[in-house]
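J.: Sequences are here, hints too, so could you generate the full structure?
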Amino acid sequence: MSGGRTVWLASYPKSGNTWVRALYGAWTTGRPPDLNELPGGPIASARQAIDGALGISTADLSPDEIDQLRPRADEVADEREPDVNGIHLRKVHDAFFLGPAGEPVVSVAASRAAIYVVRDPRDVAVSLAHHLGQPPERAADFLADPAAMVAGRADRLAPQVRQRLGTWSQHVSSWTEQARVPVHVLRYEDCQADAADAWAGVLRFLGMPTEPDRVRASVELCSFARLRDQEAAAGFRERGAAQPSFFRAGRSGGGSTVLGGEVAARIGADHAALMARLGYANGAAPP
Amino acid sequence: MLAAAPVERGSVPHHLADARFTSPLVELGSEEVLLRLPGVGRLVARADGVVTADLAAGVHRGDVSCFVRGPLAAAAELVRGRFALRGAAVEVGDAAVVVAGASGAGKSTLAAALGARGHRVLVDGVLAVAVDGPSPSVGPATPGPVPIELWPDSVAVLGLDPADGRPVRPGSTKRSFEVAPPGTRNLPVGALVLLDQDGRVGGPAGPPPVPERLRAGEALTSLVAVQWHVPAVKALGLALAQLDWLAALAGARVWRLRRGDAWPATGVDELVDLVVAL
Chain P
1 MSGGRTVWLA SYPKSGNTWV RALYGAWTTG RPPDLNELPG GPIASARQAI
51 DGALGISTAD LSPDEIDQLR PRADEVADER EPDVNGIHLR KVHDAFFLGP
101 AGEPVVSVAA SRAAIYVVRD PRDVAVSLAH HLGQPPERAA DFLADPAAMV
151 AGRADRLAPQ VRQRLGTWSQ HVSSWTEQAR VPVHVLRYED CQADAADAWA
201 GVLRFLGMPT EPDRVRASVE LCSFARLRDQ EAAAGFRERG AAQPSFFRAG
251 RSGGGSTVLG GEVAARIGAD HAALMARLGY ANGAAPP
Chain Z
1001 MLAAAPVERG SVPHHLADAR FTSPLVELGS EEVLLRLPGV GRLVARADGV
1051 VTADLAAGVH RGDVSCFVRG PLAAAAELVR GRFALRGAAV EVGDAAVVVA
1101 GASGAGKSTL AAALGARGHR VLVDGVLAVA VDGPSPSVGP ATPGPVPIEL
1151 WPDSVAVLGL DPADGRPVRP GSTKRSFEVA PPGTRNLPVG ALVLLDQDGR
1201 VGGPAGPPPV PERLRAGEAL TSLVAVQWHV PAVKALGLAL AQLDWLAALA
1251 GARVWRLRRG DAWPATGVDE LVDLVVAL
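Sequence lines, in order, name chains P and Z. Residue numbering for the first sequence follows the numbering used here, starting at 1 and increasing by one per position. Residue numbering for the second sequence follows the numbering used here, starting at 1001 and increasing by one per position.
Think of the hints as simulated: they come from the structure by calculation, not from any bench. Note that the structure is predicted; figures quoted are calculated from it, not measured. Some clues are possibly wrong.
One-sided and incomplete, this derived list gives chain P residues near chain Z with beta-carbon spacing under 8 angstroms [what the hints assert, rightly or not]: (1) LEU54; (2) GLY55; (3) ALA59; (4) SER62; (5) GLU65; (6) GLN68; (7) ARG72; (8) VAL76; (9) GLY152; (10) LEU157; (11) PRO159; (12) ARG226.
In silico DMTMM-like cross-links for lysine to aspartate or glutamate, where the CA-CA straight-line distance does not exceed 25 angstroms [what the hints assert, rightly or not]: (13) Z:LYS1234 / Z:ASP1132; (14) Z:LYS1234 / P:ASP83; (15) Z:LYS1234 / Z:GLU1212; (16) Z:LYS1234 / P:ASP229; (17) Z:LYS1234 / P:ASP213; (18) Z:LYS1234 / P:GLU65; (19) Z:LYS1234 / Z:GLU1077; (20) Z:LYS1234 / Z:ASP1244.
The beta carbon of each residue, even a glycine, is placed where N, CA and C say it ideally should be.
T.: Given below as structure tokens:
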């Protein structure tokens, strides 16, 4: 573990970050997670949080200037925000890249570790298409775009600052192959197959207790059906406005079928190396 | 108020000798405030209201007016024991409507739209609300024209000519437009609107927003979130004074208005109607 208290919960968008936040919340409290008060928020790119930490308006800064200052905002947050279980969990979608001054856009000094949640990019594409209300082909384009970003428009001010993603492969590599912050790779599919085992692995990595009953209880509190029912009852403010619901299916391995052969094959070709390394190759369900 | 302070070029230290609050970019002393911006330079506001700028190569005084009017002015108010919201104030009838919110919430757009309907804009950016009278009141930040900064999408929706504004900073698409001077009188706060945004991504515009009247407790916590330099308040020994100020504000009529992600393409006129009717 590194020096700060911040544990990044990092992922490419639509890869299961929210579910892990819910798991952590349930494990911490022993109660069903409140979908609209999940731990790990606000996201590291939340403009209001950065403005508050730094005492400025990021609206007056260029995206590159903001990238240069974000590590300082992280350090302020690491110092000031209360921790739970000795850590400060923070959601982040940025790729782990170097800003204009050669410093990673997330603060290494504030970082203790990172949990990188990864998901089959074909399933990511399906989920992304639904979230944005776009056809699957556009989602595949996005996953293959080295200039892909979130909140990058120059004609308006978004609630989040620009987050550079890169391609899906670049994003995964940037976090999993860097050596500045210890990282634990958590596959969404492993959470589906045996959530208790996957979650226990995360807890061991963080040096936290792994009592089987507590782990099992937190997994049960975060079943997909429960989260979907919660969303239906109370809403979920992180749902894309184009989506009827955020918690749609929670399945893994169905992306190839939903996307259609051509788009699925294209994603498989675009990201062949990382998919093979992570066990997502050839359209087969991961082991 | 520092909003119209002259900016002189000169030497500015990296730190204040008597700093009572220090953060990566901002330092507050007994009378002076310092703002450090990598790649831009350092600005210090002194007790006499003069701002000195020690700027990086290629950066001009005009390039930093947004920082002087914004974080530096707000910090200078705090050093004098006065609190400021991130907001705008517009004259509606015999009172002022305060519109506060986070960056990008739509405060400036709403203020400009109200101005287009004939309501005078008093302030946009750093809003110091006085609570020492019978009710909270606001006054103009400067006797001169009020600058309103707008993003291209708002400029288009408001029917403004981008050439009538000037870039807030070189390379920025945000433009500053000057509206008519508001006069000098203070006005009581008739309503305080916390403008919020849905935050969701994509999709069609939803139903028009409905104003939600906030109870005092919720108003108080919401107002803290849109106040400038909150972390410095305790360091300056102003925590109790802040509580008194927030309580006075929260006792006014405080509303939350949540606008959708399709803003400002849709919803501006409806929001103006709602605000005028509050």
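J.: For every hint, state whether the structure bears it out.
T.: Okay, the hints, checked on the actual structure:
{"no.": "1", "hint": "LEU54", "verdict": "5 angstroms, holds"}
{"no.": "2", "hint": "GLY55", "verdict": "4 angstroms, holds"}
{"no.": "3", "hint": "ALA59", "verdict": "4 angstroms, holds"}
{"no.": "4", "hint": "SER62", "verdict": "6 angstroms, holds"}
{"no.": "5", "hint": "GLU65", "verdict": "6 angstroms, holds"}
{"no.": "6", "hint": "GLN68", "verdict": "6 angstroms, holds"}
{"no.": "7", "hint": "ARG72", "verdict": "4 angstroms, holds"}
{"no.": "8", "hint": "VAL76", "verdict": "6 angstroms, holds"}
{"no.": "9", "hint": "GLY152", "verdict": "12 angstroms, violated"}
{"no.": "10", "hint": "LEU157", "verdict": "3 angstroms, holds"}
{"no.": "11", "hint": "PRO159", "verdict": "5 angstroms, holds"}
{"no.": "12", "hint": "ARG226", "verdict": "22 angstroms, violated"}
{"no.": "13", "hint": "Z:LYS1234 / Z:ASP1132", "verdict": "21 angstroms, holds"}
{"no.": "14", "hint": "Z:LYS1234 / P:ASP83", "verdict": "20 angstroms, holds"}
{"no.": "15", "hint": "Z:LYS1234 / Z:GLU1212", "verdict": "31 angstroms, violated"}
{"no.": "16", "hint": "Z:LYS1234 / P:ASP229", "verdict": "42 angstroms, violated"}
{"no.": "17", "hint": "Z:LYS1234 / P:ASP213", "verdict": "43 angstroms, violated"}
{"no.": "18", "hint": "Z:LYS1234 / P:GLU65", "verdict": "28 angstroms, violated"}
{"no.": "19", "hint": "Z:LYS1234 / Z:GLU1077", "verdict": "15 angstroms, holds"}
{"no.": "20", "hint": "Z:LYS1234 / Z:ASP1244", "verdict": "14 angstroms, holds"}
The earlier numbered hints that this structure contradicts are 9, 12, 15, 16, 17, 18.
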